[in-house]
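If you're matching them up, the sequences are chains X and H in order. When you line the first sequence up against the working numbering, it's residues 1 to 293, in that order. When you line the second sequence up against the working numbering, it's residues 1 to 291, in that order.
I should point out that these hints are in silico values taken from the structure, not numbers from a laboratory. Glycine included, C-beta positions come from ideal geometry on N, C-alpha and C. Just so you know, not all the hints are guaranteed correct.
To be verified - Okay, the calculated beta carbon distance ranges per label pair: (1) X:G78 x H:T124: 30 to 36 Å; (2) H:G95 x X:V52: 42 to 48 Å; (3) H:K55 x X:S59: 49 to 55 Å; (4) X:G53 x H:L205: 50 to 56 Å; (5) H:K207 x X:P149: 18 to 24 Å; (6) X:S187 x H:R279: 42 to 48 Å; (7) X:F261 x H:K207: 45 to 51 Å.
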Amino acid sequence: MSIPFYIRKRQIFAYVSLTPALVILGLFVFFPLIQAFMTSLSSGLGINQRFVGFRIYGSIMTSFEFWNSLRATLFFSGGFVSITTTLGLALAVLVNNKRVKFRNFFRACIFLPYMISMVVIALIWQYMLNERFGIINYLLNLLGFKGLPWLRTPSLALFSLILIQAWALVGYNMMLILAGLQGIPDSYYEAGKIDGATVWQRLLYITVPLLLPTLSLAILVSTVHGFTQSFVLVQVITHGGPLYSTDMLSYLIYRTAFDYFDLPRANAFALIGLGILMIIGIVQYKLEGRFRT
Amino acid sequence: MFSFFHKFQTKDSNKNRSPIIPVWTITVYTVLILFAVIAGFPLFFIASLSLQSFKEVSRFPPTIVPHSLRFINYVTLFAKGPFHRYILNSFIFAGTLTISHIFLSTLAGYILAKFDFPFKHVITVFVLSTMLFPANLRAIPLYILVVKLGLVNSYAGLIIPFLTGGFTIFIMRQYILSIPTELIEAARADGASEFGIFLGIIFPLAKPALTVLAIFQFTLRWNMLLWPLIVARGDLMTLPVVVAQLKGTTERFAYWNLIGAGSMLLLFPTFVLFLLLQRYIIKGTQGAIKF
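Construct all of the structure, not just a fragment, from the sequences and the given hints.
The following block contains the structure:
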């Protein structure tokens with residue numbers, strides 16, 4: 001026998017041990033995706049199911065609700081990711097400064113919303129953003145500003161959701177970036193100081209370049225987070241929003257399946273969403289490759 | 001007050017001495033305090049809401065501090081439905097998944113990290129690629145599958161699809177890679193069984209990563225809305241599903257004090273988890289960077 005018995009024994013152990021995980025992943029991740037693909041190519045359910053090819057995708061591509069949803073999703077994603085990443089970076093830099101007292105307390109406070117269920121976050125912010133009785137507009141009025149219809153206007157509703165989501169997840173981004181920050185050796189900063197660099201120059205030429213891998217990870221994580229968690233916000237607060245302005249893809253999938261019972265279409269939406277996510281992942285991977293020294 | 005600034009000035013003797021350091025300090029603290037308040041106030045507000053009376057909660061201007069602490073709101077909430085059952089469901093959902101991830105993902109991560117076998121690369125790609133498929137996109141076909149298996153509205157249907165996941169396997173794999181293989185080889189030379197090695201060596205050594213994994217997994221599943229919303233009905237609902245429905249269709253005249261009470265129930269375990277285990281949570285996010 002070319003392969004010794006003791007190695008064979010190990011390989012058998014490896015395969016046996018992997019089996020539960022592989023079965024679960026295969027059955028509950030891959031198989032549903034293939035199933036989704038098949039369903040999206042057919043019409044009707046159960047007995048009625050018949051193969052109609054890519055007709056549904058054609059109808060989606062010419063539908064208003066799809067492009068509206070895409071617009072809302074991309075707008076939300078872009079706004080959310082940029083706000084949380086910039087704020088996360090700023091807060092991480094501030095919290096990292098060893099001269100700041102109580103920095104652990106600040107760090108804990110800012111991170112806390114991440115641990116709270118999105119349901120609770122959605123409810124409390126809906127209560128606070130009520131344009132007539134909410135506390136936010138009340139405070140604005142006290143300061144002399146006019147209260148805004150945060151969740152009632154198509155133009156403002158999506159923006160409000162971005163702010164709520166950012167509130168929830170900026171702490172997580174901050175922690176992620178903070179970890180990257182702490183990986184930058186102090187000696188780099190010392191060298192910068194000796195060369196006479198100002199605080200801003202050190203930030204721009206030492207910190208940011210060395211942080212790029214961390215930042216790109218933060219951006220990818222934010223994008224996925226934003227996509228998955230946004231469902232809760234829409235489901236609890238806006239149900240698609242004033243005039244479909246907050247009808248994001250994650251919610252569109254859900255309501256097509258469970259409000260309209262159009263499973264093939266819902267599956268098609270899900271697969272399109274998956275495609276977009278994979279494109280973003282690949283783009284991010286390629287960009288990161290270019291930044292690595 | 002002056003000694004406060006004086007301390008800063010002596011430490012800065014190596015840097016370019018700028019007379020505007022106090023202004024910098026003020027900005028930094030202002031920003032941090034501002035964000036801490038922005039982060040903390042809504043949570044304080046929920047607690048306050050949960051103790052207000054219906055009149056106070058519907059009042060304008062809004063009440064920030066309740067006049068009397070109406071703990072009876074919680075009693076009223078429990079009278080509205082079998083909340084003890086909902087809380088139990090959430091614990092079962094989150095707890096079972098945490099335990100199964102701890103066990104299955106560590107095992108899978110160990111195999112992928114320390115073993116060599118045909119098709120290893122293919123399998124690794126297969127497993128890790130599942131990280132890219134969030135629950136949102138899998139939910140619909142998963143639901144169809146669960147219906148076909150006859151598992152709708154059962155604990156099994158709720159739990160089984162999420163027993164393990166690419167992300168947790170990835171985390172454990174990365175951590176186990178850093179365990180010296182010599183330890184494993186030595187144990188093998190001593191005649192230990194493969195499974196014995198897993199339980200006796202790998203598992204204890206992986207504890208730091210496992211703690212972090214457990215915390216995040218429990219939090220994630222405790223807070224999860226989408227899947228329980230789709231699969232659970234009636235008595236099987238988990239806490240987020242129930243609390244989300246407390247609002248009903250009206251916003252203005254909803255019982256916001258009861259919603260506050262329900263929210264407090266929902267956020268309490270993860271909040272306590274956070275307070276007690278902050279150290280591990282911080283380590284967890286740091287660990288993610290090292291990949």
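Just pull the numbers of the violated hints for me, sorted ascending. 5 and 6
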